[in-house]
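Trainee: For reference, the chains in residue letters:
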Amino acid sequence: MANTLAAATRRVLGSRRRGRGAAEVAGAVDAGDAALVADLVEAIGDDRVRADTAARYLASRDASIYREGNAGPVCYPGSTSDVAACVKVAIRHGRAVSPRGAGTGLAGGAAPLGQPVVLSMTRMDKLLEVDLDNGVAWVQPGMVNLDLSRALAPHGVHYAPDPSSQAVCTIGGNLANNSGGPHCLAYGVTSAHVVAVEVVLSDGSVVTLGDVTAEPAGYDLRGAFVGSEGMCGIATAVAVRLTRNPPAVCTMLLCFEDVSDAAATVSAIIAAGIVPAAIEMMDQRCVRAIEDFAQAGYPEDAAAVLLVEVDGPSGGVAIASERVDGIARRNQAISVRIAADEDERARLWKGRKSAFGAVANVMPDYYLHDTVVPRTRLVEVLERIYEIVDRHDLLVLNVFHAGDGNLHPILAYDSRVPGTDERVQAAGREIIEMSLDMGGALTGEHGIGVEKREYMNRMFTEVDLDQQSRLRASFDPYCRMNPGKVLPSAHSCSDIGALRAADAAGVWG
Amino acid sequence: MHLGLDDDELVACVACGLCLPHCPTFVITGRDTESPRGRIALMRAVQNEGAPVTDDLVRSMETCVQCRGCETACPSAVPFGHLMEGTRAALAGAGRITPRWQRLALGMLRHRRLLLAGSTLLALAIRLRLVPTRRLGLPARMPLRRPPLRTSGDDVWLFTGCVMDAWQRDVHLAVQRVLEAAGVGVEPTGGAAPCCGALHIHAGLESETKAMARRVMAGLSGDDRPILVDAAGCGAALKDYGHLLGTDEARAFSARVYDVHEWLAEHLEELRSRRPVDPLDVTVAVQDPCHLRHVQRAHQAVPAVLAPFVADVVALDDDGLCCGAGGAYSVMEAELSRAIRERKTAAVARSGATVVASANPGCSLHLAAAGLDVRHPLELVDQALAASRS
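Just so you know, the protein sequences line up as chains A and B, in that order.
Mapping of the first sequence onto my numbering: residues 606 to 1114, in sequence order.
Mapping of the second sequence onto my numbering: residues 31 to 420, in sequence order.
Each hint should be verified, as a subset may be incorrect.
What the hints assert, rightly or not - A short, non-exhaustive set of chain B residues, derived as facing chain A with CB atoms under 7 Å:
1. Val41
2. Ala42
3. Ala45
4. Leu48
5. Pro51
6. Gly60
7. Asp62
8. Thr63
9. Leu72
10. Val83
11. Leu87
12. Pro105
13. Ser381
FYI, nobody ran anything at the bench for these hints, they're computed from the structure.
For glycine and all other residues, C-beta sits at the position ideal for the given N, C-alpha and C.
Here chain B stands alone, though its shape is the one from the complex (with noise of 0.2 Å):
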């Protein structure tokens, strides 16, 4: 089977090794198979000397929680991410991957009403104990309400997105009070910008994403406002519209999109001057979402616009390694996505840390459905805007 993999991109990996600490699948089960280096010589193995596609090679692939820390530790910046991403579509195509059940779920992400509809029946369901949620690692409580969406001016997108927004549009809300705080208007995105297709092309949906990276760029354009992004996943796949699209066009929207603590740290003398801030008393461990750390690579930013609202902040030392979620991972992967987790819970004990500051939906669900207590940094950031207020 013809991958469809750029050959120089494919040939790229001099099989070093060094990746293999930074992947948390290698970490677990100390396996080739579940290590970049061992992926990357399978899709070779499969693309250029024309290895069947046996099932085991297609866990291989599937196993990957596709966090690309393998990338931020190569000397040779191979791009482990397209290469998988690659490989997913080809396999997605063939029908040996993304089970016809997870296309339809992943499907309805693009259709907003029914998704809001539908997350509230979930909430419903969840409260009358109908739904199995630890099985499931679905979050524990779901609000049955949501709180409008409001307009405060134009100055900048909040792009809201689609699971975000029906399950914790309250991180949307405090996110939207910390901007405007530091004076900027703010509009959310809502049904403008659907979806923004991450967790499809991870599940190697390429065509379903382009057409999903078209909508969402359709509309958002007319203007050359700023786009920020609260959810590292998403963030990290609509700055990748312009590889995944290829044209001018989305190059530049992706130009346009920015981590919303990146721009922040920016702006942080605007958030600050305002108003004399007491710091919360807590001491906060900041989780790098890998799709901030490891893609956007903007990690930094979430400590330095973090640091003066709270007592303390402190970074983990596990080197940055995934927590195991992974957008559907978690699901998909339950084992192995839990096995994964383990390493992050016990990182986040040895800190001391009695709350963990985490800017990504999918890892907070998984690091709250084990126990941990989660707030999106900026939620942490608005508590502290709003104790001083008072």
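For reference, chain A alone in the conformation it holds in the complex (with noise of 0.2 Å):
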């Protein structure tokens, strides 16, 4: 049996093909790992755990611009029961644990700090149960979200959350970051539609949270779950609620030559009482960015583009476009258009969330916050912004949710240009702080991560920090769940030494 497990742990190690040097296994991962990884390969067998550099590098980033994360050995569990085997092997040779989805963040959610067992969720990616009595699907966490709303299709319902990167990142993600998108101005963001979790806490045990059927007795544990970046413990199984997909939809798409034009008709919308499925808007660079690979028939002369959705009975849906087609007129919109067919529908839509992967077709980084700000004020915003990035000689690709106020300027660059990433963090600042002096907030969907914990100090007081960090506590009193992320340094964990000191050198070191 031991000859067995070192054997395999070997594999694991080094290559399964060609013999490799002594040299190259011992860079390839700590001397100290070898007894952590033969615990791992125990507990979950050879094939789900990897701990050489290619995979541990890879399992460091996400797809943010944060590159300081640093991987131990990559776990892909298949069950529950492994998730489970991994934490405890975890703890008992104390080390966190960091689990990742798609790894599609944008604030270095998923990005392991100190070298943690990382705990790759992609296998678990099964729809468990459809249960349309009570509107509920379980599901494992690494199912992809339009995965789900794909196999639930032919129920006539959909899962409403659809984040841009929809066709790609997890539903433990989503839960991870309580995750918006364009339709969640109607349907409400993540939270609304977890009704229950099972989790794996920080002692391996396994605990439902939430009720299918009715809200449990006592504290809304799953509520305070949700959003909770893989802080509490890690998400094995999601029932999220079930949507009737609307019997009618209308997407229009309206131009404007004034971006001003194009934010005045999205509180002119809302003022008027119509409460569209969503409201996005698109900027001119941003438009560009995207319709040589969506080909959907975006403008390319106009300065904004809003994209915006009514959905419901077919009466209703008649009512509230011509509603909206009069509102943008009256806003000098230059053209409206209406999807005719599904088809041009889905064209449309591909635009909008292909917009962040389209960067490079102007610069090869970017940048972006997610602020949100009172909508009332998104014209101030923009021009406050495009000002901002004028003066640091940056460029700004705005596409955003229009409908809540939740911002995405994307600042496109070089990375390859000296001095050009202190410019892009410095404007990046300027704009946070404008959006929060504006009453914004930090934001609006895609976490905190690594990248905004130190804003946290602006957004909160030491009180409310203190009160956050003892209620993560609460579910991990010893900080060994993803590690270093959300609350600033002086509430992290950082401080009571669940960070191993990181390999200044990273995983090639």
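Join the two chains, each given in its own frame, into one complex according to the hints.
Mentor: Below is the structure:
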């Protein structure tokens, strides 16, 4: 047994196919990790553990520009018991655990700090149960958001929160960040669509928070868990609420010669008492970046476009879309286009939802914030953003959930040009400060992660932050779950030693 | 190690991850090391950060099917194919991939007579049950005799290639009959253009591929006839000569290359107007070869050409995900290749079709080995035309 295990561990640490020198194996992973890896392999099998540099390097990052992550061994659990077993092994070895979905996060939430054991949830991607009576489905956290809605389609229902990355991002990641999406304007964000969660806690025990049939007695621990960015435990099954597909949908593209006309239209639509399913805004530079790929017929000469969707019973949709059309024209819209069929509608949304990914058509790097500002101040905020970006000699693509004032100013740049990173950071900081000064909030949907944790002091008082820290500690008293995120350093676990001194050389060291 | 990759192409990935669900290996393993985003990050680590080329990093590159499904999914149009081909060229140059036996086997494809004779021997050995066909991913039956290629005119070239001509000449003949039914005179390329080099460039043998490209171009120069290709992989390779060689001559050559369906879709009226045709009474699922869908981006021509000749054409519901064949991939990475294929066979089963149409020999061999009834789309058209003739 011991020999087999030793061989399996060697396989995980080294290559499967060809021998490699001892020096290379030693370079692949800390010597101290050999025992940890052996125990992980024993717990979940050698095909579910990787400890080589390539795997660890890639598990050290997400889609943000944060590059200081440093992963320990990477596990690919297939079940709740695998997750519990990994957590127990990690704790026994004094190591933390960081969960990971599709790695599409934009705030470094999945970037592991201090070489924790990384739990990549991609293989827990099954739809476990569809309970139409209760309007609920149980899914594993690694299931891709869009795959869930596709699997539900035969039942005439879908999962409402639809982040732009929904074709890739996982339900677990959505849960961790309490993610939003274009359609959350009418339907609400993730928290409104998760009724119960099965969680592996930091001691390896398994609990269920919330209830499928009724609101459980006592505190709403489910509510506390949603948006906890992996710091309160690892979700291993999620009960999501099913939303009936609307009987009718109308998707409209409104084009403007002036950004302020577009912003005024957004306010006028809401003020008229219409609640569209979505109101999205993109400025000219953004439209130009996406149109080549999406081929959706976005006008590249408009200063700004609005993508407005109304849904519901067909009579109501007809009335609402007519009113939106009128409001847009009164606010100097140069054109109003209504998607004629499902194909045209899909292409319009494809354009909107590929905006971040299309940035490299303009510049190879981007950095964005997702502050929320009062909708009434949109015009003013946009003008300030353009001014800040000009002053720092940068480019900005604006794409955002206009209906709820959730901005996504994408600073596009080329990090190969010396001095650019500093200018980008400075501009980002100014945008945050400005948004908060306008009465806004730090993040709408991308989470705090590591990127924004130092801004938490700007938003919350010491008392607030202490309370948040205590809430987290009640789930995870020893700060072993995804440590170092959300709470600023004075309140995070870094000061109590859970974070190993990160190897400055990174995983290739 | 400097991989010799273009820096602008290499930095163009913003790691959004929209490629992940379109990558056949990521979908199976769920590991970033087997994803386009991960592979690009590793290329950057090696070329820009001086990371060592570990065996696991090499495995990450070797497991790529090179289907290029990630390219059509990428909003920033990252040229992943170039990056992977460049990386493999560097790794092959350093002796890290493409072992000697594989180089020898690929070398044989350039020698047409040797390949034809060897294929006949192989066919004989298969008949005598001396070869474990299933394990090697070979067809259960191969032709012992090949009818000769014949020239019927000089309107177009029909590119016949290497393995396909040796193993599936029947397909070429069926394609030629269909073209002739549309009133087109066809000259098969035969020995004039022995092999396109697609498998070689995928294996990182860049200089060999360039030599082969020059030979193909020399064999087909002297006129500007369209070059029609009935194998998606070959068509994609020939269309890439412009990029591979970087010369005006090569670019002009590539501009003459069409997938045969792409060309026929523009000449459908000639084919249909000559005589009324009864559609074959079959429901056909169209499998889009990746190098037709993601590289040539001409896959929509196949159902357009096929539809008038069969009762029903159905699309698969798997977003054009690769079948796992990948040229030599099905042999080199047999386990992963079969796992990928299972998703395709499941999609075919869901479609309710009894016949699968595939416009690429590698895909059709790979899918037939899983027990599916696979035909070249134009074999079905030829069959419908023949039935109407009688």
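Trainee: Each hint: holds or not?
Mentor: Status of each hint after checking the structure:
no., hint, in the structure
1, Val41, "4 Å, holds"
2, Ala42, "4 Å, holds"
3, Ala45, "5 Å, holds"
4, Leu48, "5 Å, holds"
5, Pro51, "6 Å, holds"
6, Gly60, "3 Å, holds"
7, Asp62, "4 Å, holds"
8, Thr63, "5 Å, holds"
9, Leu72, "6 Å, holds"
10, Val83, "10 Å, violated"
11, Leu87, "5 Å, holds"
12, Pro105, "4 Å, holds"
13, Ser381, "16 Å, violated"
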